[in-house]
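So the sequence lines, in the order shown, correspond to chains F and X. Heads up: the first sequence at position 163 corresponds to 163 in the working numbering, and the numbers run straight through without jumps. Heads up: the second sequence at position 17 corresponds to 17 in the working numbering, and the numbers run straight through without jumps.
For the record, the hints were derived by calculation from the structure and aren't laboratory data. Idealized CB from N, CA, C, for every residue including glycine. You may find that some hints are simply not true.
A few chain X residues that face chain F, going by a derived Cβ cut-off under 8 Å, partial list only [as the list claims (entries may be wrong)]: (1) M19; (2) E23; (3) M25; (4) S28; (5) M29; (6) P48; (7) G49; (8) P51; (9) A55; (10) G56; (11) G80.
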Amino acid sequence: MTDLHEHLFRREAGRIVATLTRIFGVENLALAEDVVQDAFCRALEVWPFRGVPENPSAWLMATAKHRALDVLRRECTARTLAPELGRWLESEERLSPAVEELFRAEAIKDDQLRMMFSCCHPRLPEAAQVGLMLHILCGFSVDEVAAASSARTRASRSASRAPRRSSPSRGGSSRSRTPPTSPRGFRP
Amino acid sequence: MSEFIYLYRSTNEASRAAMGSPEQMQKSMQTWMAWMQQLADQGHIKNPGHPLERAGKLVKGKQRTITDGPYAESKDIIGGYTLIEAKDLAEAVELSKGCPILEGGGVVEVRPVLKTGM
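This is chain F alone, in the form it adopts within the complex:
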């Protein structure tokens, strides 16, 4: 039985969400996150009985891919998906190979980079960009990101207060604004 790699789920969450977002479109980020959650749920149901598979990353990715195909077949008419998907969805023969192609290892790396750019949309404040990347690409929960961010804010506040006299009126600068509490509402 293979041992569970440390932070396996955190690492895979980012890779899978990036790939699924390429398929579903960035406006369906919540759908991508749901599919990841489904794949993880499936792992939690199966692995305790069958042991950790030889290649856990590949197992999770393959499970997410199957789930994504299910979603596409079921919801293709109900949602606006990535523009190129419209063409693939016209026929089953084109859909599977197209999705297969997006799940290649090199494609996944490109998707991660693409997602990084999406997170850095100039309309978002810097703290939100960092928060989104930590959440979407690095698999940290919103609570974990918020906790780290407020700890950092506290640290930088006390650091900036230490050398000179405090000016309470400028206590909460725009740099220390809290990260998005719900990246699900994220619209680049």
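Go by the hints and put chain X onto chain F.
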């Protein structure tokens, strides 16, 4: 030694809530694997059993009425089962207390397998 079945029951909501962040997920998985491994090391696992799909059909009564899934009538869905060997019911119950499903508000149903021998 006697045989017992553990039936792991939980609601869809409870099992999803127990997932939380990827890191919590990792912890849940580690706890499950550790618990199963410990039972196996102590020779209590007769058969690790199987996870069950959540979807299914109910076939009911003389009319053979077919309905979707067990969910309409039971809130707890059986997510899997394991065949356990233990001295007696008390020991089987004691061993089940380590099951991670309990942390998420789930239930382990411990049922003695009926002896069919004379």
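Hints, verified against the model:
At a threshold of 8 Å, the smallest CB-CB gap from M19(X) to chain F is about 6 Å, leaving the interface hint in force. For E23(X), the interface hint holds, the least distance from its beta-carbon to any beta-carbon of chain F being 6 Å, beneath 8 Å. Because the closest C-beta pair between M25(X) and chain F is about 5 Å apart, less than 8 Å, the hint holds. Interface restraint check for S28(X): the shortest CB-CB distance to chain F comes to about 6 Å, inside 8 Å, so the restraint holds.
Hint on M29(X) holds. Least Cβ distance to chain F is approximately 6 Å, under the 8 Å limit. A hinted interface residue such as P48(X) counts as satisfied when its beta carbon comes closer than 8 Å to some beta carbon of chain F; here the least separation is about 5 Å, so the hint holds. Nearest Cβ of chain F to the Cβ of G49(X): about 6 Å, under the 8 Å cut. The hint holds. With 8 Å as the threshold, the beta carbon of P51(X) comes within range of chain F, its nearest partner Cβ sitting at about 4 Å, so the hint holds.
For A55(X), the interface hint is violated, since its Cβ never comes within 8 Å of a Cβ in chain F; the closest pair sits about 12 Å apart. The beta carbon of G56(X) comes no nearer than 14 Å to any beta carbon in chain F, farther than 8 Å, and the hint placing it at the interface is violated. Taken as an interface hint, G80(X) checks out: its beta carbon lies about 6 Å from the nearest beta carbon of chain F, inside 8 Å.
Hints 9, 10 from the earlier list are contradicted by this structure; the remaining hints agree with it.
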